[in-house]
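J.: If you want the building blocks of each chain, they are given just below.
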Amino acid sequence: MNAYPSWKYLLIVVVILVGLVYSLPNLYPEDPVVQIAHSVTDEVDEDTRMQIRAILEGRGVDIKAEEFDGSQMMLRFDSTDDQMRAADILRNALTDNHSVGLNLAPATPDWLRAINARPMSLGLDLRGGVHFLMEVDMDAVGDNVAERYTSEFRTVLRDERIRYLAVERDGSAVEVRFEDPASRDEARDLLRREYRGDLDFSTRQSGEVHILTASISDDQLEAQRRLALQQNITTLRNRVDELGVAEPVIQQQGENRIVVQLPGVQDTARAKEILGATATLEFRLVDESNDPYEAERTGRVPANSRLYHERDGNPVLLQRRVMLTGDFINDATSGLAQDTGGAAVFINLDGQGARIFGRVTGENIGRLMGVVFIETTTDLVEQDGEMVRQVSRSEEVINVARIQDQLGRRFQITGLDSTREAHNLALLLRAGALAAPMSIVEERTVGPSLGQDNIERGFNSVVIGFVLVLIFMALYYRAFGLVANVALALNLVLIVAILSMLQATLTLPGIAGIVLTVGMAVDANVLIFERIREELRNGNSPQASIQAGYARALSTIADANITTLIASVVLFMFGTGPIKGFAITLSIGILVSMFTALMVTRAIINLTYGRQRRLKTLSI
Amino acid sequence: MMKLNFANANINFLGQRRIALTLSAILLVVSILLLVFRGLNFGIDFTGGTLIEVGYPDAVVLEEVRDQLEAGGFDRATVQNFGTSRDVLIRLAPREGEESAELSEEVLQVLRSGGPEGVDLRRVEFVGPQVGDELREQGGLAMLYALIGILIYVALRFEWRFSLGAVAALIHDVVITLGIFSLLWLEFDLSVLAAMLAVIGYSLNDTIVAYDRIRENFRRLRKDAVEKVMNKSVNQILSRTIITSLTTLLVLVCLFLLGGAVIQNFALALIIGVLVGTYSSIYVAAALALVLGVDRTVMLPVKKEGEELDDRP
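So the sequences go chain by chain: Y and L. Mapping of the first sequence onto the UniProt record's numbering: position 250 corresponds to residue 250, and the numbering continues sequentially without gaps. Mapping of the second sequence onto the UniProt record's numbering: position 245 corresponds to residue 245, and the numbering continues sequentially without gaps.
Hints were generated in silico from the structure; no laboratory data involved. Quick caveat: nothing in here was measured; it's all calculated off a predicted structure. Where hints are given, some of them may not hold.
What the hints assert, rightly or not - If we take Cβ atoms under 8 Å as the criterion, some of the chain Y residues that face chain L in the derived model are:
1) V259
2) L527
3) A560
Just so you know, even glycine gets a beta-carbon here, dropped at the ideal spot from N, CA and C.
Looking at chain Y on its own, in the form it has when it is part of the complex:
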């Protein structure tokens, strides 16, 4: 007799039910949505929501449904055309602080959402979007840190009244020159106390000059690099939020790389511009006691000044000492200047920044102040057959103005060429600066039309291949073939359910993995059925043949599946992006097929034939 204990039947029924429920959300279509967020208050207020409704109604765009989760407003539309139109209208109508993002939102019913049943998310290749792999320039991190120490040393030495000749950065080390060994040693002891553990000091003499070299310790450099990477990730996240992309992926990969995935983004040029840019501002006093034209002509720049150029090419001498950097800016919006009507950025400082800026501008009323616009771009350039990273840093003075009054928390900057430039600068200031420059080392963009194609084709090939296999099995193994088909269908449902539960991302290679599992899941049943046929041919009774067929095929199936599983786990560990997707579905498929092909088919066969004592033939 062939029978399962009742707990096995129960287990199978429960698994099937859970599988069906959790795969269900994938049947509901996705609505095109527009998401509106406020970048400063993090809440789209009631008035704005009313205003948005009124604007769209006025322009004749139908809103299918509206949701508000306490911070973001989400509008559902019937078609992508409506969605695009609405987004364009809102981008123009709303103020700078609002980000308007396009997305697709599943129309999952509430009862499914309540048990956390959500559809699997679609990969970039299926829905369209951009994938960037960005590499952080780690050499620049050391340089930046040394640059920071350089200016700190000046302040510390000046405050302690230790006389020095010069403080200069040399790679990722700082060199301080002194006239006499006494002040050098005094400086060394002071700095060593001040920067305990972070810096290694050494001294040497070169002619009449006594030099103190401070190099950053390896531990410190390592820590700074980790920090820089983290800050870059944070900054990228802020910038992506500003771009209004929903469900972005921003992750560290390896030691110095960051993966950025922006589903649904179509304007890749702008995405690149914003992600890779390192634009910030610096405020410096103008050196009014020297002539910038002469400095440019002779190339002799006064020790405490640096030579800059304005956008129209005129030279300006600015003091080396920075009054304030862009790091203290906590909000910036773009708009039109009240007086001139030109493009302007309205700056809002944080508490510390406001205190510093208030003090330094208060002390220097009546003097000229220059605003420096710093932009760093990193290019991969071929040089002598090798690709090298070339960092170009442009520093321009966009504005020179007399300090009329003590400046406080809020003020405006003018001098930018266009509103677009002002808009981008405001965005970059809001999102914070990158701690180190980055360059794009890999890019994959999939347009939305290709995504749609991929999904249709992938779906069709799965369905047709699946149906062909079903027909073949039913013809070749008859009743047992039908049982295998039930298992195969269940296999598909369970794979979808598990992928949905894991919230895994379905990609085109993932679909290929599913297709492959469909082909291979049959294998277990083929093995069992062939074995049962063999046992029957050897003259065994049908019941005994079923028993022996399953028992004997088990070790073969286990061995075969475990080895394939080893291969797919290795794939998962070493693969990136698309390969990972393939490995995940393949692994899940193998595990699920063991359950369906062994337990489920056996349960059905037991229920059908198991109690027939006088069973003479099997339909196999």
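Here the structure of chain Y is known, so what remains is to put chain L in place on it, guided by the hints.
T.: Chain L in isolation, oriented as in the chain Y frame:
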């Protein structure tokens, strides 16, 4: 009733092992020579560079696209149709003194400014040369680790000679599939690499099934000669080998024909791999084990699996 009649098949596969092994050796040598002297047509995943797929509303003449690109300064672009005559694939090798990530934008501008209306950007892939090198290295490592993992597992479950035989059969399948890719100059990209790893899994599946049956028969048919037992085993599982290959191929052919151009090479790699794998599991795997000197004495009795997992009759 539809039944392929393998039930009483008694083909002397191992008797033909000289022919089979010679054929395999020739195929292997030719494949290796191809791989060494001709190499693989690596896609931009491994070489670095930029790939742009654009869609036109109507069929487009490639010559015009080429001229347009040349006029725009992209003289090193290769242009070809992709899937349909409306889709065009443009490949650019990394160009000197230019930022690669910006290329796609420029190409699109050139195409939009001079060509027919409605050029649609369908896909851009840019891979920096350094990333390409790394992907190649990682791919090779993934293969290597998969092989080592399998070697260990099979050695534990069976015996080292089987393990060696299984891995040799694997390498046989992968190298010949790669050889065919080299011969036909098909593009080898990340998805094909994934397919190669799937081929490893598949080929192994077949080999394990064969070895499993050989092991079982060694224990049951104590009187028969080694070669006879092996032959009998391969014949017993012949119908399973063919049915499984058939169903897998059925699905793969669907994928190849309907899955779209992006997935075509992936499907093709698997189709070739499954065909070669089926051949090797019938003709090569057992023959290799025999040549390596497997006999009854190396099959130590292992406890029977499965009994405790199943219920009483």
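J.: For this structure, which hints from the list above don't hold up?
T.: 1
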